[in-house]
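Taking the hints into account, I'd like the entire structure generated from these sequences.
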Amino acid sequence: MDTPQWLEWLVAALILVGSLFALVGSIGLWKLPDFFMRLHGPTKATTLGVGALVIGSMLFFSAQREGISLHEVLITIFLFMTAPVSANLLAKAAMHQRLKRTERTRGEPWKQ
Amino acid sequence: MFQNVVLLCLAIMSISVVLTVMRLIKGPDLPDRVLALDTLYINAIALIMLMGLYLRSDLFFEAALLIAVMGFVGTVAVAKHLLRGDIIE
Amino acid sequence: MELLYSIMLGVLTMSGIYLILRARTFPVVMGLTLLSYAVNLFLFAMGRLNTGMPAVLGRADGYADPLPQALVLTAIVIGFAMTAFALILALRALGELDSDHVDGKGDQQ
Amino acid sequence: MNHLPVLPIVLPMFVGALLLLLARADMTFKRGLSVAATLAQIPIAWVLMNQAGDAVQVYAAGNWVAPFGIVLVVDRLAALLLMLTAVLASASVIYAIRGDDSLGRNFHSLFQFQLMGINGAFLTGDLFNLFVFFEILLIASYALLLHGAGSGRVRAGLHYVLLNLFGSALFLIAVGTLYGLTGTLNMADMALKVAQASEADMPILGAAGMLLLIVFGLKSAMVPLYFWLPRAYSAATPAVAALFAIMTKVGLYSILRVYPLVFGDEAGALAHMASDWLWPVGLLTIGLGAIGALAASTLNGLVAYLVVLSVGILLAGITLGSHDAMVGSLYYLVHSTLISGALFLFSGILARTRGPRFSVRLIAGPQLPGGALLGGLFFIAAISIVGMPPLSGFIGKVLILGSAGTGVQAAWLYTLVLLSGLIVLVALSRAGSTLFWRNDGVPAAGEPLDPLRMLAAGALLACSPLMVLMAAPLLDYLDATASQLLDHAGYIDAVLSVEAVTRGGGA
Amino acid sequence: MTLALIVLLPLFGSLLPLATDRRGRSLCALATMLAPAIGMFLLWRHAEGVFAGDTLVQSLPWLERVGLHLSFRLDGLSFLFALMILGIGLLVILYARYYLAKTDPMGRFFAYLSLFMAAMLGVVLSENLLLMMFFWELTSLSSFLLISYWSHSTDARKGARMALAVTGGGGLALLGGVLLLGQIVGSYELSDVLASGDLIRGHALYPVVLVLVLLGVFTKSAQFPFHFWLPHAMAAPTPVSAYLHSATMVKAGVFLLARLYPALSDTDMWFFLVSIAGMTTLLLGAFTALFKHDLKGLLAYSTISHLGLITLLFGLDTELAAVAAVFHIINHATFKASLFMAAGIIDHETGTRDMRRINGLWRFMPHTATLAMVAASAMAGVPLLNGFLSKEMFFTETLQQHQFGNFSWVIPLVATLAGVFSVAYSLRFIHDVFFNGKPVNLPKYPPHEPPRYMKVPVEILVALCLAVGLVPAFTVAALLEVSASAVVGGELPYYSLSIWHGLNLPLMMSVVALVAGVLVYAWRRRLFEWFDGLPPLDGKLVFEQAVQGAVRRAGQFTLLLENASLQRYFAWMLIAALAVTGFWLWQVPSLKGSVALSPVDGVTLMGMLVLMAGALATAFWHRQRLVALIMLSVVGLMVALAFARFSAPDLALTQLSVEVVTIVLLMLALFFLPHRTPTESSSLRRGRDWALAGLAGLLVGGLSFAVLTRPYETIAGFFIENSYKGGGGTNVVNVILVDFRGFDTLGEISVLAIAGVGIYALIDGLRLRVPEFDSMGRNWARDPHPMMLVNLSQVILPLALLVSVYIFLRGHNLPGGGFIAGLITAVALILQYMASGEQWTTQRWGVNYHYVAGLGVLIAGLTGLGSLALGYPFLTSSFGYFHVPLVGEVELATAMLFDLGVYLAVVGATLLILANLGKLSGSRAARELL
Amino acid sequence: MRLRSKWLPHPLLSLILLLTWQLLMNATSVGTLIMGAILGWVIPLITHVFWPNPPTLQRPLVLLGFVLRVLFDIVIANMQVAKLILGPTRQLQPTFVEYPLQLTHDFAISLLASTISLTPGTVSADLSDDRRTLLIHGLNVTDADELIRTIKQRYETPLLEVFECSRT
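Those protein sequences? They're chains A, B, C, D, E and F, same order as listed.
According to UniProt numbering, the first sequence is numbered sequentially starting from 1.
According to UniProt numbering, the second sequence is numbered sequentially starting from 1.
According to UniProt numbering, the third sequence is numbered sequentially starting from 1.
According to UniProt numbering, the fourth sequence is numbered sequentially starting from 1.
According to UniProt numbering, the fifth sequence is numbered sequentially starting from 1.
According to UniProt numbering, the sixth sequence is numbered sequentially starting from 1.
These are calculated hints, taken from the structure and not from any lab test.
Just to be clear, a hint being listed does not mean it is correct.
As the list claims (entries may be wrong) - In silico EDC-like links for lysine to aspartate or glutamate, alpha-carbon gap of 20 Å or less:
1. K725/E <-> D538/E
2. K158/E <-> E680/E
3. K919/E <-> E680/E
4. K100/A <-> D29/B
5. K725/E <-> E499/D
6. K438/E <-> D538/E
7. K158/E <-> D538/E
8. K919/E <-> E772/E
9. K919/E <-> D98/C
10. K592/E <-> E713/E
11. K83/F <-> D34/A
12. K152/F <-> D73/F
13. K444/E <-> D347/E
14. K292/E <-> D155/E
15. K158/E <-> D440/D
16. K292/E <-> D354/E
17. K444/E <-> D538/E
18. K592/E <-> E499/D
19. K438/E <-> D347/E
20. K100/A <-> D774/E
21. K152/F <-> D130/F
22. K438/E <-> E449/E
23. K725/E <-> E891/E
24. K292/E <-> D538/E
25. K292/E <-> E449/E
26. K919/E <-> E96/C
27. K102/E <-> D192/E
28. K105/C <-> D294/E
29. K31/A <-> D29/B
30. K152/F <-> D106/F
31. K540/E <-> D155/E
32. K26/B <-> D34/A
33. K158/E <-> D294/E
34. K725/E <-> D61/C
35. K438/E <-> D294/E
36. K919/E <-> D783/E
Following this line, the structure appears as structure tokens:
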């Protein structure tokens, strides 16, 4: 089945946005100075990154075949559910390990 | 044209993976590495989905879903290990 | 691609083998895991490297050789069982011998 | 439709799985079930032995014909080894039900799965399926070896497991390469494909084939791959060690099955490629086995080295390649398996009688109740395994040596077999006289003799004189076995001509 | 088959004494005598034919393939030996009845004796050489039992072991020789072998055969340098010595010389080997015998010496020498048996065998003394006794031999010298024991004559000595004639058995021997002193040291090979694999095949680089185990991506799930294991390991490259074609798994189930020390079950179950299936365990995973069995499409049921493994909360 | 809303499962509905042992609004965070903030913590043992109180309404 031109453009834009957000997450991971800050990069940017990709993919495959393809949304739902928990556990681990943080950090992590 | 955009996205994701792996190797601490691993899983999902788009095949959906599940479980396991040592206690 | 793939297999094997030759259980088990990855990839490649040809009828123009895939699937699961056993055995050895050596040192004979 | 060929695999599988479901059931019931299932293997094997006499039986599992599906192939050799396994396993399991089986968990289930693996390896005609059955028998053997745990078992078991994991990896690489070039997994089909392979592919097929040899060599405990065996076998529970006597033979069987067929006469540059390597390896194995036997400090350690030694003799015998040598090797295979099994069981009985302080270490121990009986039986077993008349070992050795001709090969073989015989004689006489005659006069702290255990060991031992008395029919069978084994075309033909069942009922 | 009967009677007769053991000693002895007595009778029945010169062969074909037949032969030689074995055997039984102490188990003794007798009869009566080998080794074994009869004594054990090692070892050599003989002749039947003398002597392997056969002969007959076992075999009860070392065991060797004489003799090699061995033994034995203070020791060395004499005679290789040899065999048997018995009586009555203490017994036991003195005189070769006759013949023959050329005089000289010593030790036996002052400090005092019947055997034998010595023509001539002609295999030349041949050189030699012997004995004190000053040379010590040295060295060697280092074993295996495969890969003309390479794309390149980096990082950082573990999971992920990239979605799914479970497992283990590995191996070792690893990598990479660039024809087309038609599914990989190769899968889930069960057994009873601090020395975090995780895991479980149902159901047609579904379920449940703890979960979810795993295997198996009922082979699948109202087409396939089995087995096994691991720390979390 | 019973322990979960099944199957038909219903019924039956204390849902519509708001916030947040990351990192002001909780139900707290993690520049790092305080790490927080206020207003209040209005 032919995909309408405008849809292709939309999908292309969406996946490009998604990829770029994923890239931003990775840049953050690489660039930010301490662990707690790095934690923000991936857990946020990649959720939206993948989210945009998923929407793009949904649109694309819905156009490809009969009916709509929604099951990709499960991936995003799943990531939304899990990413905070991973982040939480990692933060706990980091606090437990008393990782160094940049000097300008305000507030204190708890002792685990 | 569409294929080219997908290719571009793949290239972007590749850079992203490389950055992640660099963090993975550099560390310096274990949580950093775990975080990088977690990110790598997410990147893998993106890669897989892009591959599916490139090949116009929806056979990759399960793989992406599974990476999400398994990446989470793996991260939880390592984090738990760092916290408590024993992950099933 | 074939050359690259083969080099990758070689590196994977090399890392695995090096670990296998270590003196403690844990690196050895990790080495065996790496080696089993290498072996699975090797076995898989025996159906040649195909792009976009999953062996699902009606979903692609051509089909990759499904047989090695089935074999690898079996091999993965068996490999998992074996690795698990070896690992628990290493724990048992730790409990019984109070050592994680496999080089004959570290525990009283 | 004759479903018998699948029974030696499926029966233990069901019983094994059932025993898992009955994990909490009454031990007596589990024992009974296990013993019954094991004993049932004997008549099955017997019928198969008779059926295999007419022609090679081929059973296409899943009704998919070769080379696409997995076929089970029952020829005389496979049937013989099934019988051997059945006998050995029956004795082992009977020995075990007197208490050894409750040293750890799920003994009987594991035991049945072990049988499934061994029988499967003997029956399958498919290379990858052989791998699967290898793994079944290995994983079951790991668990059985560790049955009852203890530091010795764990240490030896760890080595055994890790080495075999590596072996499995090599197996897969070899199978993969063979598939990658021939495009098939069925051994018969592969033989045809290898025979047609191009010049450029030959060396690669050769490399894969030789890799396979390493794998089989690890299982069969040849130099330099046997190092795991002595510690492992001597650490195992007696019943398990006795059953393990067949395990090295699985490796040998695989060599016997794969190399003459796939890399046999028709294989061009690869014809008989394993022989050049196996010959010196066999001889070295004989030598090192004998040296190890002399050095052993426990009885079961000694027996373990005798297993190695017998593997060496068998390898050398097989490599001779002639029909007569094959007959001799097969006879010796049966003999050495049963008698090493018997010796392991005796060793277990002895260890119990002498008590844990002395066990079967070759040191002066307490005075034994029933020492004369035990000593006598040990004596018989010893002369049988050394290869002295009037027992089966003698005939086995005469057959193998007699088939060696009078050339250089014979010179090597005679020297090593005879010298190793002498060394083993010295080792066993030292062991026997120390165990049974030297004592510090203190009555044994161990248990009294158990009749059922004695029966199990005695039954295996009785096979030795029986093999002499029944030598004529047995050799006739082996004669036909060797002919069948060397008739590759017949085998290939039988496997590839199997037809799918089109109508139910097979009417 | 009367001949077979002669052999078999004592064989089965050995059961009689065991049966009658409790019924009294005399009955036991009588029962034992039954078999040899009947044997004697049977033998006598054949005597006529034998004396007429016939050779009786009775044959029963047995193992054609081996060449082993139950064939027996009775000719002069075997008749003579059978006669001696049975005759002396009967006497020994009678003697032993009185010799054995009340505490000695008599039944066992006689059983062994009968067994030995049977073996010995078998040796001499066999027509088939292999059959003879049968009995030959049996003599070694049964003599082992006899010598070690008093097994509580160290000497008996060691003596027996040595005898077995030497004679048994010789027997093995003989076996080699016999087998080669059989190869040369083409038959093991003696008749054929004896008739093929020229063929054998002309064969290139003749020297080998001869050496091997002679090894057997020399060890058995205690020829130098294998003589040392015999004196130590004296630890046996004296009846045994009397039997084994006079007429039987040691004579087996010379019997074989005689038996194979026509086939092997008449060459220079034979002459030199046999005569030199004989000569050395003759002299050495005679010399040593003089210095033995032990009565039986003296007799033992005398036996060695006489065996040397007989061997020498055979070595001289003339027909008359052969006659003399046979004659001396007879004579030696009679006088030596009687002497041993006499020695036994003395030992029995005095409690010692030391000649320095036993003196002047004449006063106490004149009867015995007389008998012993006559026998000893016969041994010394005193005229009018049988020993004299054969010795004269021997001296004569030594003078006839010229093969040594200018040194031929050595043989008569040695013979005379040996004669001198022989007279001297015989004299010592007579004088030292029966005269020479009074007994010194005897354990039993005063000694007296033994029971009446104990002397009867000695009397009979001594009478024979006298009879043969006095009237040889009427006693032994005929027997000697037939037996000797059987040896040489034809007509005998003329010889005379008369006592007086006139004054000739041999007589002079005898006289010299007698006179010099007396003189030597007179000077014995000096000689003893001189001998004591010699460095002690005991064959036994040498032998035992050799054996112990060998054992020690074997131990060191074995430890060198098997040093309990797995690294070593791995290295060996690796080297072996590299060697054999390298050998072939080296020969490949071009590694690259004919197929063109496909292009590389950037993303794949990046992925593979990451994979390689991960692998190398795992290896490099293996000391920091957790870091290595993380790297390992990177590799796992990339492998999954590679599978996906190269068109294997099923594999990617499986790899992902398995990888996570593996990592979880590794992490579980890592809790207890050390977190860091100290540096242990030297940099050299690491270099070696990298080199080995590199080579292995090269091998695998090379193999892969070689295969990937070569074309192949595969059976895959069949699967793709039949997947839907015959298997009812569109996911070919899955159809292969559950249908085409369902048998593999059945095996595979069995492996999983077994692994689960095995691991469960391993964990059972295992308690590990819980580390109190983490790898950085800090306390563990307080919170065992983070709340967010607990909540999330509760939500995820139903979703994951849903997903696994989805993956399971679609598996047949799309990527998925029982495995992956099972793993997802397992992972979801593991997450519960991780989040909420083992105890919490087990309390709520009391499933016994044994059952699940077992049920899985059962269901899969039963599905396979179902097809049997329809007459199809095991595991034949069937499927059909059914129209269900509202729902539409629904496919039902037995493969689904099979897959359900797979699913259950996977879930059961995985959880059996993982869930139980939580128990290792002994429910630490629950403990801490208290 | 007391539909909980032995036979239908988690009706909401059942509904979610039914919906998810439709998503998974990528189609809706009578067949998938039946199957989804069966699964939605069976799976909670099996798994309810692991979920002994499920939340009670009071106002589904508020929840829907909450979800939409969060989704919107996520999009905005991502842009902001992207800017932060790509910009000069030296100016960032990372902060640990202790957030006093009003919510008491476990599930609700988890939901709030997740929401915080998903939205702009904040990650819930830990929960105090008494479950009264949430530790939040902010990537760039200029005013901690402002942050606490925002969270309370935008997220915690609706959640309180949805899950715990009966108790407050």
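Does D61/C lie within 20 Å of K725/E when you go C-alpha to C-alpha?
19 Å, holds
For the pair supplied as a hint, K919/E and E772/E, is the alpha-carbon distance within the 20 Å limit?
17 Å, holds
Given the proposed pairing of K83/F with D34/A, does the C-alpha separation stay at or below 20 Å?
OK: K83/F and D34/A at ~18 Å, within 20 Å.
Taken at face value, is the distance from the CA of D106/F to the CA of K152/F at most 20 Å?
17 Å, holds
Is K444/E within 20 Å of D347/E, Cα to Cα?
Measuring from Cα to Cα gives roughly 10 Å; hence the hint holds.
Does the alpha-carbon distance linking K725/E and E891/E stay inside the 20 Å limit?
OK: K725/E and E891/E at ~13 Å, within 20 Å.
Straight-line alpha-carbon gap K100/A to D29/B, limit 20 Å:
Holds: K100/A and D29/B sit about 10 Å apart, inside 20 Å.
With a cut-off of 20 Å on the C-alpha distance, tell me whether K438/E and E449/E pass.
17 Å, holds
For the pair supplied as a hint, K158/E and D538/E, confirm whether the alpha-carbon distance does not exceed 20 Å.
Status holds; Cα separation ~14 Å.
For K100/A and D774/E, compute the direct alpha-carbon distance and say whether it is at most 20 Å.
18 Å, holds
Hey, K292/E versus D538/E, does the alpha-carbon distance stay inside 20 Å?
The given pair, whose Cα atoms are some 12 Å apart, holds under the 20 Å limit.
Hint check: K438/E vs D294/E, CA-CA at most 20 Å. Holds or violated?
17 Å, holds
Of the numbered hints given earlier, the model fails hints 1, 2, 3, 6, 17, 18, 25, 27, 28; all others are met.
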